[in-house]
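Undergrad: What follows is each chain in one-letter form.
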Amino acid sequence: MPLLPELLLFLLALLILGLDLILPERRRVLLGWLAAFGSAAILLLALTAADGSGGWAAATLRVDSLASFFRALFLLGAAVAALMSIDGREVGRRGEYYALLLFSMLGLCLMASASDLVMMALAIEMATLPLYVLAGFLRGDSRSTEAGLKYFLFGATASAVMWYGFSLIYGFTGQTDLAAAAIALKQAGLPVLLTAALPVLAGLAFKVSAVPFHFWAPDVYEGAPTPVAAFLSTAVKAAGFAVLLRVLLAVFPPATASYWGALVSVMAAATMTLGNLLAMVQKNAKRMLAYSSIAHAGYALIGLVTLNPDGLAATAFYLLAYLPANLAAFSVVALVSNAAGGDDLAALAGLSRRSPFAAIALLAALLSLAGMPPFAGFAAKWFLFASAVEARLAWLAVVGAANSVIALYYYLSVLKIAFLSPAGGEPAPLPFPAAVRIALGACAAAVLILGVWISPWFEAALAAVRPLFSG
Amino acid sequence: MTSFPLLSLLVFLPIASALALFLFPAGSRRAIRWFALAVSAASLALSAAAYLAYDLPAGGYQLEEYLEWIPRWGIGYHVGVNGISLPLVLLTGIVMFTGVLISRGIDERPREFFAFLFLLAGGVFGVFVSLDLFLLFFFYEIAVFPMYLLIALWGWPKTREYAAMKLTLYLFLGSMVALIGALVLVFSTTPATFDLIRLEAAGFPADLQRTVFPFVFLGFAVLGGLFPFHNWSPDGHVAAPTAVSMFHAGVLMKLGAFAALRVGILLLPEGARFHMPWILILALVNVLYGAFIAMVQTDFKYVIGFSSVSHMGLVMLGFATLNSDGLLGASLQMFSHGVMTALFFAVVGMVYDRTHTREISALGGLARKMPLAALAFIVGALASMGMPGFSGFVAEFPVFLGVWQTRPAAAVAAAVGIVVTAAYILLVVRRVFFGAMSAEHDRIVSGIRVKDSIALILLMCILIGMGVYPAWIATLAESGVQSVMRVLGN
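Line by line, the protein sequences are chains B and F.
Okay, so the first sequence: first residue is -8 according to our numbering, each after it adds one.
Okay, so the second sequence: first residue is -12 according to our numbering, each after it adds one.
Derived from the structure by calculation, the hints contain no laboratory data.
Here are the computed distance ranges between Cβ atoms for each label pair:
| id | chain 1 | residue 1 | chain 2 | residue 2 | range |
| --- | --- | --- | --- | --- | --- |
| 1 | B | Leu268 | F | Thr198 | 21 to 31 Å |
| 2 | F | Gly190 | B | Ile440 | 33 to 43 Å |
| 3 | B | Thr136 | F | Pro144 | 39 to 49 Å |
| 4 | F | Ser175 | B | Met(-8) | 44 to 54 Å |
| 5 | F | Trp143 | B | Ala337 | 23 to 33 Å |
| 6 | F | Pro375 | B | Leu268 | 55 to 65 Å |
| 7 | F | Trp21 | B | Glu16 | 46 to 56 Å |
| 8 | B | Tyr155 | F | Trp265 | 50 to 60 Å |
| 9 | F | Ala3 | B | Met(-8) | 44 to 54 Å |
| 10 | F | Pro12 | B | Ala337 | 27 to 37 Å |
| 11 | F | Glu51 | B | Ile440 | 18 to 28 Å |
| 12 | F | Lys438 | B | Gly432 | 34 to 44 Å |
| 13 | F | Ala7 | B | Glu16 | 43 to 53 Å |
| 14 | F | Leu195 | B | Gly180 | 34 to 44 Å |
Simulated crosslink set (DMTMM-like; lysine to aspartate or glutamate; CA at most 25 Å straight-line):
| id | chain 1 | residue 1 | chain 2 | residue 2 |
| --- | --- | --- | --- | --- |
| 15 | F | Lys145 | F | Asp222 |
| 16 | F | Lys153 | F | Asp222 |
| 17 | B | Lys407 | F | Asp222 |
| 18 | B | Lys407 | B | Asp335 |
| 19 | F | Lys356 | F | Asp286 |
| 20 | B | Lys407 | F | Glu148 |
| 21 | B | Lys141 | B | Asp335 |
| 22 | F | Lys356 | F | Asp429 |
| 23 | F | Lys145 | F | Asp286 |
| 24 | F | Lys356 | F | Glu346 |
| 25 | B | Lys274 | B | Asp335 |
| 26 | B | Lys407 | F | Glu95 |
| 27 | B | Lys407 | F | Asp94 |
| 28 | B | Lys274 | F | Glu148 |
| 29 | F | Lys145 | F | Glu427 |
Where a beta carbon is used, it is the ideal one built from N, C-alpha and C, also for glycine.
My request is simple: use the sequences and hints to build the entire structure.
TA: Structure (structure tokens):
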């Protein structure tokens, strides 16, 4: 039964909502553990049950290898985000918080497996509507309210633009099914195709926070509860890429690729460069991570432009490598800000003495993001640059390499604060709840394993993108 | 193929020990120091075992190991050594052992210090034995990064943050430039492979070689300290704690030169021939500029820092000749300079620990208080001047021979560098170790410890042993050079 994980997610969310009513206040901490371990269990189930046969689940949903690959990413992101939330102020003991997270998860899973335009649009909305609420969840905090509203306004506009693109595809082809639309579009003229492709591209660029549709990200990440920001920057971004891969490669015929390819490669270069340059000057940890996550979307776009299986697999692998590293970085920020009450980078001072474990995990995470071995980011960047050179896009690899140097600068600056700056006053040991410990340990281990034992994961990424080339 | 994975053991012993160090409680300094010493001694023994296991008459790559790693990209875990890399492996073992021996002064977080130092050592061993391009870059970055923390955390407080950041960014930028060049190269072959031996045999088209060569060679030569990309190195040397300076100047700069040879010249012989004239000029600038700048330094450690730039210029000069004499000289110079500069930095560290100053004008008469250190420094000085009977002569003579064969004028100019070297190094010897000693130093300066003496004696013995009986290292280097000459086609 291909949709079993989705069904279980739905039941898990309902269970949490139900328990929220029954459990007394002090026991509600169980809800977070339930959400985290429930997601993890579903992840294990999905991994063991997936046969990659690409079975139809319904006329509009197809759980192929691409969908199951990304589903695993989302589940991992949700499990870690739930673990991070347990000890968060205002969010940790709220049943509706976890239920919203899981409903959003469900939407993300459907996004990755949608094979129909209407289904895709509905799935995207299903994923983002709970996120608008989650971003503004801290009702007492005006920045959180601002984040929720901003995300809603930008997101709704982007969705509207994307739907307009979808409606154009339907208008030109009379089909809502992606495969049927793809066949019909083969006969369409170039102007028609580009008119339809541009709005879709713009809408999805918003989801992955690519330049010039990135403006929302820093404000939203800064204001939203940290676990939500972590979820937005990893799982939701990955879902955007899943749809981007499917729509651009499977729907629009290869003849248009040189046009949108040129556009996307410029977008990739601009996203990397702008994200990294702006990340360099940030004083707030969450804003820094927001700009860095913008930059990472730029790197991941490189693989998309290559249009060959190696490059797309490199993008998928990059997202896989980026996910645990970014989650770990956000976990450390959440940990420190829970203790210090602020998200300034300066709050990281003295981390290596206050909690050596968190400092080492942060080191692994940031070095992985910077593309340093033996962590996952090294191989991931290498594959992207290699695929770009292979596809005769060496200039993108050059831009990416130059950006890696800039990125290394600001990641090192952060590590410098964590390892070198003395903590103001007494270097009190950091309160380190078990949930964050598990999340951080798992992410750091994943970053290291993916960086050394590379081949099976890259093969999985390769298998994931294969359906895009079968049509 | 050997059944015993000697080289893997050599690479992974330091890395595993780096992780194992975190099992020690942070407070148990004594245990940590002894464990570190044991690991470094074992690494030295393993590198010596590799030296002894190498079958010289057979030549070529030996002790090879191969494992599939990422088959989709043609990437394998492929290691092996030949006559070029084996002396450097041995050098790394020597510097690692002596560096740990003299590191008693690290009082702040010794556990983390040795962990990062071993990680660095593992990366360095890894680069020297890599026969796969991906693996080479993998270890190269592992070797570069711990440097940042080692300098930033344990370095000289005044400049450490600046120097550490400058060094890391310079080297990372260089490696990125080299990476792009290497990728362009790899994807001009079908099917793409990252195996260096197969790439060596690929025979890339001449214009591709000419285009790619500057990127690959210069990208790595940044770490080799080639002018005008040497700027990170004196600052880095000076800011680093003693053991790290020894590693840094002794081994890490060789890493750059080695990779420039391994990936630049060996894969792109035609590119090398085409571009060598101007690289020869840059190397010449290195030799002269480094020597003249060293002459006017007032800081003891900066003198040695710039002397490294000057001596690495001789390595590059040897490369630039592309003939067997020059390459042999370059290969020997890498080994000789590694040992020599490790000795210099060890002595500088000992002097600084006791006098708390590195201003040459404030020092003097130290030979009375620490005679062995003075003797060691003088041996190093004689080696660095290229005095017969010391390693420097054995290394520098073939370089000059090689340069004379291609560009006699360059040989004459480079000889000026040797004269200047003699001038500044003897000046330093006289001012620091002889003459009058300030009353305050007379009171506070103590003799050196046993472990320090062992390290200095070992380094001195190698410098003199190589000068008196060079065959033990020169025959090995010669077999390596022959393999390079075969690739160069003459």
